[in-house]
Amino acid sequence: MILKVRASAVEGLSPAEKLPLFYGKDRLILLTRDPYWLYTYWEVTPAARQRLEKEGQRCWEHLSLALRVKRYADSAMLKEESCYHLPINHTADNWCLEVGVPDRYYQVELGAQVPGKGFIALLCSNMVKTPRDEMSSLIDENWRLPDWQAKRLYRRITRGSISSLEMSAWGGGSIIPERREKN
Amino acid sequence: MTPGGYLAFIFHAHLPYVRHPEYQQSLEEKWFFEALTECYIPLLRVFQGLAADHIDYAVTFSLSPTLLSMLEDPFLQERYATYLAGLQELARKEEARTAGDPLFSPLAAMYRERLDYAAYLFHEKYAKRLVNAFRELQDQGKVEIITSAATHGYLPLLAVQREAVYAQLVTGIDCYRQIFGTPPRGIWLPECAYDPVLEDILGELGLQYFVTATHGVLYASPRPKYGVYSPILTPGGLAAFGRDPETSHQVWSAKEGYPGDYFYREFYRDIGYDLEMEYIGEHLHPAYLRGNTGFKYYRITGPGEHKEVYNQRLALQKAWDHAANFKFNREKQLEYYGGVMDRPPLVVAPYDAELFGHWWFEGPQWLDYLCRMLHGQQFLQLITPGQYLDQGYTLQLSTPNISSWGDKGYHEVWLNARNDWLYRHLHHAAERMIEMATGHPRAEGAVKEALTQAARELLLAQSSDWPFIMTAGTMDRYAETRVSKHLLRFLALDRQIREEKIDLPWLRSIAAADNLFPELDYRVFQSLESTVPVEKGELEKAGSKRA
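Those protein sequence lines, which keep their order, are chains A and B. Read in order, the letters of the first sequence correspond to residues 1 to 183 in the working numbering. Read in order, the letters of the second sequence correspond to residues 1 to 547 in the working numbering.
Quick caveat, the hints were computed from the structure, so don't treat them as lab data. All figures in this text were calculated on a predicted structure; none of them were measured in a lab. Virtual Cβ for every residue (Gly too), placed ideally from N, Cα, C. Everything hinted at is true.
Once the Cα atoms are required to be at most 25 Å apart in a straight line, the calculated BS3-like pairs of lysine-lysine come out as:
#1 B:225 / A:129
#2 A:18 / B:501
#3 A:129 / B:408
#4 B:125 / B:142
Now the stretches of chain A that chain B is said to cover, found in silico as 3 or more residues with beta-carbon under 8 Å:
#5 24 to 35
#6 38 to 50
#7 132 to 144
Sample of chain B residues facing chain A (criterion: CB under 8 Å; computed from the structure):
#8 166
#9 208
#10 218
#11 220
#12 225
#13 531
All chains should be built: construct the whole structure from the sequences, respecting the hints.
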């Protein structure tokens with residue numbers, strides 16, 4: 001008796017069902033791989049393409065597309081340590097970047113080198129950091145007792161879903177202060 | 001009396017969610033059944049034996065939420081009962097086949113006894129709910145159980161959307177609370193993958209500690225004065241425990257480590273491959289497809305093809321020797337580091353639980369011997385990270401380094417040419433889920449069902465196992481199929497919710513198949529800007545008052 005086994009199955013999917021090639025949203029995402037390499041992928045919508053074609057006064061295939069790779073020493077990105085352009089081909093939608101310097105912050109822009117106008121950026125990525133590949137040179141001993149009393153389990157709820165009266169009835173201090181900054 | 005040093009064993013038990021009711025037997029469910037029979041039950045047997053003999057020991061077990069869900073799933077419990085009964089039948093046949101053979105017959109008897117014990121534990125003692133065995137050990141104060149991210153998502157690569165990280169973490173914690181009744185003290189970051197961008201979310205979930213790869217702590221900044229031999233205090237207020245490289249190498253390395261000893265059992269010689277199909281076929285899983293049965297009669301012997309018959313007595317003698325060697329090496333290590341520290345050094349030794357018993361057959365026995373050797377010892381004591389933190393040591397403030405415990409130490413195993421295509425889909429789906437959850441703060445009825453299932457499908461797609469399997473190149477077709485299936489289901493639900501055309505019969509059929517986290521609240525994906533953190537205890541009190 002041979003039972004129906006899972007080995008061959010793409011169960012629940014018809015062969016025609018594939019993940020989309022495009023989602024219709026401009027996007028440039030940067031990910032850290034290791035101390036020396038990053039990975040980036042992107043999607044450029046037809047509207048964004050047209051914008052760059054107009055700026056560059058050339059069709060997409062004839063634009064000098066490039067990634068501008070910017071390196072910073074800190075997350076505030078106040079001072080650019082280095083910046084270089086990496087030519088890319090027109091059909092690419094992802095790239096592995098050998099950035100070569102650990103413990104640095106990076107951001108990438110996708111755009112085109114246009115004669116007389118320089119680099120025109122179309123998309124800008126998120127910022128990432130490469131890991132250190134050696135011990136930190138920062139020697140700063142600061143020791144503290146962990147404050148486990150402050151470690152309570154918080155749960156995110158929709159703003160406005162509880163009244164301030166209810167909050168004060170629970171003791172008021174149970175909402176932790178917002179520490180977030182917007183991206 | 002303060003000891004000379006501590007040793008913290010941490011066993012990470014995890015499997016991806018594999019549940020295939022659409023097939024009578026599936027290879028992937030066998031991963032779970034093998035892990036139960038060969039790892040979790042033998043380890044439970046060791047821990048229960050130690051407790052029965054009043055041996056003082058302490059270990060930490062991280063049970064991933066997907067594994068917990070599978071352990072608690074009645075359908076998989078029934079399937080395991082059938083699988084186990086099949087192996088018990090094979091054991092009886094093997095005893096008959098090898099009767100009178102002085103070399104093979106004792107081995108057949110050994111397997112029969114192990115399987116009978118597994119059946120006793122599974123059926124009689126815990127009525128198919130092995131989670132209760134872990135809960136008992138935790139209640140006895142011997143085993144500290146911690147959680148992990150919901151579906152073992154590789155958090156640094158999901159952190160493009162912090163909401164995805166929050167959803168993974170809070171769902172994992174909720175799963176733990178529902179099963180164990182208390183919040184976990186610690187969390188196993190999947191694949192030990194860490195990035196400081198996780199800190200603000202880790203810091204609001206009531207967690208006290210996590211574990212990193214060696215260089216996660218060793219390369220932390222400012223430089224940790226005591227290296228990995230004392231935890232550091234991270235910006236989110238958690239303790240980060242760094243993996244000790246020496247213990248890792250001694251146990252993990254197949255060539256130089258203990259598991260490669262020539263007297264230990266050979267993993268790759270199994271009667272599932274060696275015996276005639278006519279005899280073994282019906283006991284294979286799936287039936288009549290060559291594969292491991294767990295009945296292995298040979299020892300490693302040497303690097304060549306020739307294998308000698310396994311001798312359990314000699315193998316256990318080796319396990320004893322290796323336990324003694326491990327103890328000796330730890331004492332020397334702790335003696336050395338203790339001399340330069342103002343506190344007893346701590347050696348953190350995390351392992352995949354599935355190494356013990358499955359790949360390293362004698363591993364559970366090695367652990368048993370070691371715990372017995374350490375019982376009553378003053379110099380070297382076993383401890384859990386929670387117990388260590390209870391000692392009240394000050395910790396150095398430092399930010400761990402981006403790292404993982406994968407090959408080369410960073411993210412490459414989960415981000416390379418074989419699997420990098422995955423992330424554009426995962427990030428898009430997470431972005432859509434955040435938009436949907438934020439746009440429907442109080443969904444009811446079919447929309448709520450659809451949103452909940454969409455959240456479930458996204459979590460399932462985010463599992464770190466799929467890109468890992470793609471890199472390994474084994475079963476990569478399965479991994480690609482799984483991740484595509486969950487993402488396509490997600491996209492279909494997204495479309496149906498937007499178009500307000502929810503196909504309820506289809507929705508309920510996929511909800512029945514992908515059924516983990518029954519209490520999942522899709523709002524865990526709401527945008528962080530639209531939510532506010534409230535202490536969970538207060539929320540529950542408010543809920544009961546309202547009720």
